[in-house]
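Novice: Since the structure of chain E is already known, use the hints to place chain X on it.
In case you want the letters, here they are:
There are 2 protein chains.
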Amino acid sequence: MRLHTSPASPFGRKVAVVLHETGLWPRVERRDASLSPIAPDAAVCAANPLGKIPCLELDDGSALYDSRVICEYLDGLHPGPKLFPADGPSRFAALRLQALADGMLDTAVGLRYETFLRPEPLRWTDWIAAQKLKLTRALDRLEQECEGFAQRIDIGTLAIACALGYLDFRFADDRWRDGRPRLAAFEAKIAERPSLAATRPG
Amino acid sequence: MRLHTSPASPFGRKVAVVLHETGLWPRVERRDASLSPIAPDAAVCAANPLGKIPCLELDDGSALYDSRVICEYLDGLHPGPKLFPADGPSRFAALRLQALADGMLDTAVGLRYETFLRPEPLRWTDWIAAQKLKLTRALDRLEQECEGFAQRIDIGTLAIACALGYLDFRFADDRWRDGRPRLAAFEAKIAERPSLAATRPG
Numbered sequence: 001m002r003l004h005t006s007p008a009s010p011f012g013r014k015v016a017v018v019l020h021e022t023g024l025w026p027r028v029e030r031r032d033a034s035l036s037p038i039a040p041d042a043a044v045c046a047a048n049p050l051g052k053i054p055c056l057e058l059d060d061g062s063a064l065y066d067s068r069v070i071c072e073y074l075d076g077l078h079p080g081p082k083l084f085p086a087d088g089p090s091r092f093a094a095l096r097l098q099a100l101a102d103g104m105l106d107t108a109v110g111l112r113y114e115t116f117l118r119p120e121p122l123r124w125t126d127w128i129a130a131q132k133l134k135l136t137r138a139l140d141r142l143e144q145e146c147e148g149f150a151q152r153i154d155i156g157t158l159a160i161a162c163a164l165g166y167l168d169f170r171f172a173d174d175r176w177r178d179g180r181p182r183l184a185a186f187e188a189k190i191a192e193r194p195s196l197a198a199t200r201p202g
Numbered sequence: 001m002r003l004h005t006s007p008a009s010p011f012g013r014k015v016a017v018v019l020h021e022t023g024l025w026p027r028v029e030r031r032d033a034s035l036s037p038i039a040p041d042a043a044v045c046a047a048n049p050l051g052k053i054p055c056l057e058l059d060d061g062s063a064l065y066d067s068r069v070i071c072e073y074l075d076g077l078h079p080g081p082k083l084f085p086a087d088g089p090s091r092f093a094a095l096r097l098q099a100l101a102d103g104m105l106d107t108a109v110g111l112r113y114e115t116f117l118r119p120e121p122l123r124w125t126d127w128i129a130a131q132k133l134k135l136t137r138a139l140d141r142l143e144q145e146c147e148g149f150a151q152r153i154d155i156g157t158l159a160i161a162c163a164l165g166y167l168d169f170r171f172a173d174d175r176w177r178d179g180r181p182r183l184a185a186f187e188a189k190i191a192e193r194p195s196l197a198a199t200r201p202g
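Protein chains in written order, with the numbering used here: chain E, 1 to 202; chain X, 1 to 202.
Next comes chain E alone, as it looks inside the complex:
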């Protein structure tokens, strides 16, 4: 299998974390792509017409994307404890938490494009404010919910760790830990896992 990814991609990091947790890295060849939404990578586009990473090429020539699909696929390839609970309330608790993390990341990556990639005269302050407010709401909700998930290791909590790590990487000045001691404690503990320590961006 061949993984198109990038060290700075938070969704790529989520896949890398799953590869670490499941012991599957030896079965995957890693290819780092250099791309942006306005400068796509030809090899990525050949595998994923959306031109986005992560994208996992399988040995039969087909390709899987996006990160959620790749992570669930990988979780079916190893004999260890599953990161995607099989079914019932624990499955949907994990999937909902992953969706919250992915939504935070979509927001944060979009903010990065707006405030870094887009030419300065074309930036829209109302948009930036609304996106920052969305992140604030999500972080406040995580602080409230944290005790309910802090002890779990599954795709939901690992995705939240990747989302918080991306905020540290790109939006450190926003100091997400301020006023959120439980979430900060959760992140400090889970970040010690080898899968997260080995994939920290920057």
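The hints are simulated quantities; they were obtained by calculation from the structure and are not laboratory data. Treat the hints loosely; a few may be bogus.
DSS-like cross-link-like pairs, simulated, lysine-lysine; straight-line CA separation at most 30 Å [stated by the list, open to error]:
| # | chain 1 | residue 1 | chain 2 | residue 2 |
| --- | --- | --- | --- | --- |
| 1 | X | K82 | E | K82 |
| 2 | E | K132 | X | K132 |
| 3 | E | K82 | E | K189 |
| 4 | X | K189 | X | K132 |
| 5 | E | K132 | E | K189 |
| 6 | X | K82 | X | K189 |
Specialist: Chain X alone, transformed into the frame defined by chain E:
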């Protein structure tokens, strides 16, 4: 259960299609929200801190999002044929196709924001061109792949139908059917299903 959605939301349509296909609409109260990325809806934000629709409030007070999580949850509540294949290659074929459809929709909805919501002097032509190219690549790929999935009814093909329907709704001038006869024939046939006919936007 209570579903926060909107008639114009293509991701909301995907959930509505699943509710039709599975016969679950009688168990769901529908609430139409009026919102945009810069004007969130308070009731939606209370259930989903990202402020996005669709969002499904469950009877225990918890809430599920995004559309993928909701659709998979609903698919576990009915006795009929499953829209999410249980496992193996058919599951990942369906999930990958859903991811392609969702990625097309993220792109198309983003284009809509860029060309309609964003003040005109702040629009970025290079961004618009790159996003349109992404849709072109995805449509061309679907035309190539179409014979492989055209006979299936699952979350992947239903999601593709919703994506193509959104292009008809918001980007009719781009004439996605031109030069793509197989994809056009697939869409014409699947659009006849009651679930899609009853949820057509606009």
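Novice: Hint by hint, note whether the structure agrees.
Specialist: So, going through the hints one by one against the coordinates:
A C-alpha spacing of about 23 Å is found between K82 of chain X and K82 of chain E, which places the hinted pair at or below 30 Å, so the restraint holds. A hinted pair counts as satisfied when its Cα atoms are at most 30 Å apart, and K132 of chain E with K132 of chain X qualifies at roughly 27 Å. Taking the CA atoms of K82 of chain E and K189 of chain E, the gap is near 20 Å; set against the 30 Å cutoff, the hint holds. Our distance criterion of 30 Å between C-alpha atoms is met by K189 of chain X and K132 of chain X, whose separation comes to about 26 Å.
At most 30 Å may separate the alpha-carbon atoms for a hinted pair to count; K132 of chain E and K189 of chain E meet this at roughly 26 Å. For the given pair, K82 of chain X sits about 20 Å from K189 of chain X by alpha-carbon distance, which is consistent with the 30 Å threshold.
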